[in-house]
Amino acid sequence: MIHLLLLFLATAGFGLLCLSRERHQRDLAGRKLAGRATTYARLGGFAILAIALLLAGSRFGWAVGALEWVGLSSVGALLTMALLVRRSGRTS
Amino acid sequence: MKNGFRQSMAWLHTWTGLLLGWLLFAIFVTGTSSYFQEEITAWMTPEVRSVPADGPTRFAAATRWLEREAPGASEWSIYSAGKRAAGLQLYWVNGPDAPADAPTDARLDGAGRKTEARETRGGEFLYRFHYDLYYINWYWARWIVGIAAMAMLVAIFSGIVTHKKIIADFFLFRLGKGQRSWLDAHNASSVLFLPFILMITYTGLVSLATHYMPWGIAANYADEQKFFDATFPWPAPAEKAGPAPLIAVAPLIERAERAWGAGAGSIRILNPGDRTAQVIVSTAPDSGMSVRQRSLTFDGVTGKVVGAHNPSGAATATEGTMIGLHAGRFSSGVLRALYFLSGLAGCVMVATGLILWTVKRRAKLADPERPHFGFRLVEKLNIGAIAGLPFAMAVYFLANRLLPVAEAGRSGREIAAFFIAWGAVFVWSAVRSSARAWTEALAMTAAAFAAVPLVSALTTDRSLVASLGTGDWLFAGFDTAMLIIATGFGWVAAKRLRRSTSSGAAGGKRPTKKLSTTVA
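Residue numbers (our numbering), protein chains in the order written: chain Z, 862 to 953; chain G, 922 to 1441.
If you are wondering where the hints come from, they were derived from the structure by calculation, not from laboratory data.
Do not rely on the hints blindly, as some may be mistaken.
[Unchecked claim] Label-pair distances were calculated between CB atoms; the ranges are:
{"no.": "1", "chain 1": "Z", "residue 1": "G922", "chain 2": "G", "residue 2": "K1416", "range": "40 to 46 angstroms"}
{"no.": "2", "chain 1": "Z", "residue 1": "I912", "chain 2": "G", "residue 2": "A1415", "range": "48 to 54 angstroms"}
{"no.": "3", "chain 1": "G", "residue 1": "T1239", "chain 2": "Z", "residue 2": "R947", "range": "55 to 61 angstroms"}
{"no.": "4", "chain 1": "Z", "residue 1": "T900", "chain 2": "G", "residue 2": "L1375", "range": "37 to 43 angstroms"}
{"no.": "5", "chain 1": "Z", "residue 1": "I912", "chain 2": "G", "residue 2": "T1408", "range": "47 to 53 angstroms"}
{"no.": "6", "chain 1": "G", "residue 1": "L1375", "chain 2": "Z", "residue 2": "L866", "range": "34 to 40 angstroms"}
[Unchecked claim] Straight line, CA to CA, 20 angstroms or less: simulated EDC-like cross-link-like pairs of lysine to aspartate or glutamate:
{"no.": "7", "chain 1": "G", "residue 1": "K1085", "chain 2": "Z", "residue 2": "E883"}
{"no.": "8", "chain 1": "G", "residue 1": "K1416", "chain 2": "G", "residue 2": "D1105"}
{"no.": "9", "chain 1": "Z", "residue 1": "K893", "chain 2": "G", "residue 2": "D1090"}
{"no.": "10", "chain 1": "G", "residue 1": "K1004", "chain 2": "G", "residue 2": "E1045"}
{"no.": "11", "chain 1": "G", "residue 1": "K1004", "chain 2": "G", "residue 2": "E1290"}
{"no.": "12", "chain 1": "G", "residue 1": "K1035", "chain 2": "G", "residue 2": "D1090"}
{"no.": "13", "chain 1": "G", "residue 1": "K1161", "chain 2": "G", "residue 2": "E1178"}
{"no.": "14", "chain 1": "G", "residue 1": "K1161", "chain 2": "G", "residue 2": "E1045"}
{"no.": "15", "chain 1": "G", "residue 1": "K1086", "chain 2": "Z", "residue 2": "E883"}
Where is the CB? At the ideal position from N, CA and C, for every residue including glycine.
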């Protein structure tokens, strides 16, 4: 269960980071976001990834936790990319 | 100036990547499969039904078996690969009165019975190929693999420099755009998995560092063997002094495990049944992140601790942890799956990089119908490596099920089947047009992987259905993985087939293929 939660956090974190990119906003949110919303998305993305690292570290110990975090972050970023491909395929 | 630097890095990236890409692909694929080395071995020895038992009693049962089957031996050793191991591996050194052809090794299942499994090297063959290759001397093989790994490191760093929009294009993936899409796939697999790819390449070099850079040892030890004796102590049995009963080993193992807070993975018993007997208990390979094993030596009669080996020091710990990080033996469940997925990303990175070389140059060919020799060579080698190696692995698994079980030297034939299949794809790609050979080789690979669970179901009583019914997740998982891999290759083959027929109908989107086939 904790692995699923970590994967969800990694995907959500990278999803927000992706949302903070102007070129992807139209695909993901359907419109351009305001400057402030963009900043919040970026900060939120980093914060969620940091929380995931803390969670993984406290749960599995820092050695294994950090490894698991790196691996799940890669998968989360890949899922974000897949989501973006799906959504941009729909709009264009 | 900056542009010049980036361009020279792009050149470096292209040519180091191309020159060693085929070998790197093989190293990555077999290395990735090695994260499931124990599972592959278990699947390839279907006669062994491993019954879980806790460590100390398992070792005690194996000791009793050795007492019965190999009395008078000067040394017994019992190895377990750890929690995922399919049984115990036993070796012994016979005493002087034993016949010369007496056996010196056996494998026991989890219940302590001798297994009569088919002869195979299982997952170990793929693991060893990953750094020792095959058919050539391991000494030179490791140099070749090391040069490839170094080229990989060069390709990674020059690739990072070349990829100028590494942050801006982080999430970008453009589907169905030809060269762009290949580039995006190459970037996505390498950038998103960069931490793993950097780690695995660097730690891979570290794991053979004493092979590549022996000067550190040479500067401190007159004889290289002295260094290895100090790092990996391997005491020899003493002169025998007269019989005395061997102490029960289970309590000794329990004591060692309590002292370490980690599981035991192997025991060596020197002069069992003699007054000079010693019991050496070592940590399991999956008991910690570092691969450097600790050991405790007990007197084999009284059970007193007579020695301990605790590799210490920052350099040893760093080296041991880096190698441990590379092999991932400590990892269980999800982390192991992540290692495997990240390894696959590495395979995709190398494969897309190799394919990109041809995609980029195809558009610029002076005469696309008759590409120059270099271009054709790269195309053929790509097919042989990228489709050929997975095909060979599927054939290796099929050979395991199809070769007669009792045949002598069958493990060598399984390996021969692997290389014959691999070579056949190279030959096939050489005699067919590249476009056709790609589709055919990918389809063959898909078919071979799909056949694995089928043939296994026909030749053993452990089919996918039976495994699911009995809750045998190892066998069910292996068969399912074969089907998933088959689907992947089948999907790519079908996509190529659709595209070539549709472009043929559209007339001239890809005239290269049509013409070359009519010429052929």
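Checked hints:
Checked against the hint of 40 to 46 angstroms, the pair G922 (chain Z) and K1416 (chain G) passes, with Cβ atoms roughly 44 angstroms apart. Distance hint for I912 (chain Z) and A1415 (chain G): a CB-CB separation of about 42 angstroms, inconsistent with the stated range 48 to 54 angstroms. Checking the proposed 55 to 61 angstroms range against T1239 (chain G) and R947 (chain Z) shows it is violated: the Cβ atoms sit about 43 angstroms from each other. Checking the proposed 37 to 43 angstroms range against T900 (chain Z) and L1375 (chain G) shows it is violated: the Cβ atoms sit about 56 angstroms from each other.
A beta carbon spacing of about 36 angstroms between I912 (chain Z) and T1408 (chain G) contradicts the range 47 to 53 angstroms that was offered as a hint. For L1375 (chain G) and L866 (chain Z), the Cβ-Cβ distance of about 38 angstroms falls inside the hinted range of 34 to 40 angstroms, so the restraint holds. Only pairs whose Cα atoms come within 20 angstroms are accepted, and K1085 (chain G) paired with E883 (chain Z) is accepted, the gap being roughly 18 angstroms. For a cut-off of 20 angstroms, the pair hint linking K1416 (chain G) to D1105 (chain G) stands: about 18 angstroms separates their Cα positions.
Restraint check: the Cα-Cα separation between K893 (chain Z) and D1090 (chain G) comes to about 18 angstroms, which is no more than 20 angstroms; the hinted pair holds. Taken as a hint, the K1004 (chain G) and E1045 (chain G) pair is honoured in the structure, with Cα atoms around 17 angstroms apart against an allowance of 20 angstroms. A threshold of 20 angstroms between alpha carbons decides the hint, and for K1004 (chain G) with E1290 (chain G) the separation of about 56 angstroms lies outside it, so the pair is violated. Annotation: proposed proximity of K1035 (chain G) to D1090 (chain G) is violated, straight-line Cα distance about 57 angstroms (limit 20 angstroms).
Restraint check: the Cα-Cα separation between K1161 (chain G) and E1178 (chain G) comes to about 29 angstroms, which exceeds 20 angstroms; the hinted pair is violated. Distance check on the hinted pair: K1161 (chain G) and E1045 (chain G) sit about 36 angstroms apart at the alpha-carbon level, beyond 20 angstroms; violated. Under the criterion of a C-alpha separation no larger than 20 angstroms, the hint pairing K1086 (chain G) with E883 (chain Z) is consistent with the structure, at around 15 angstroms.
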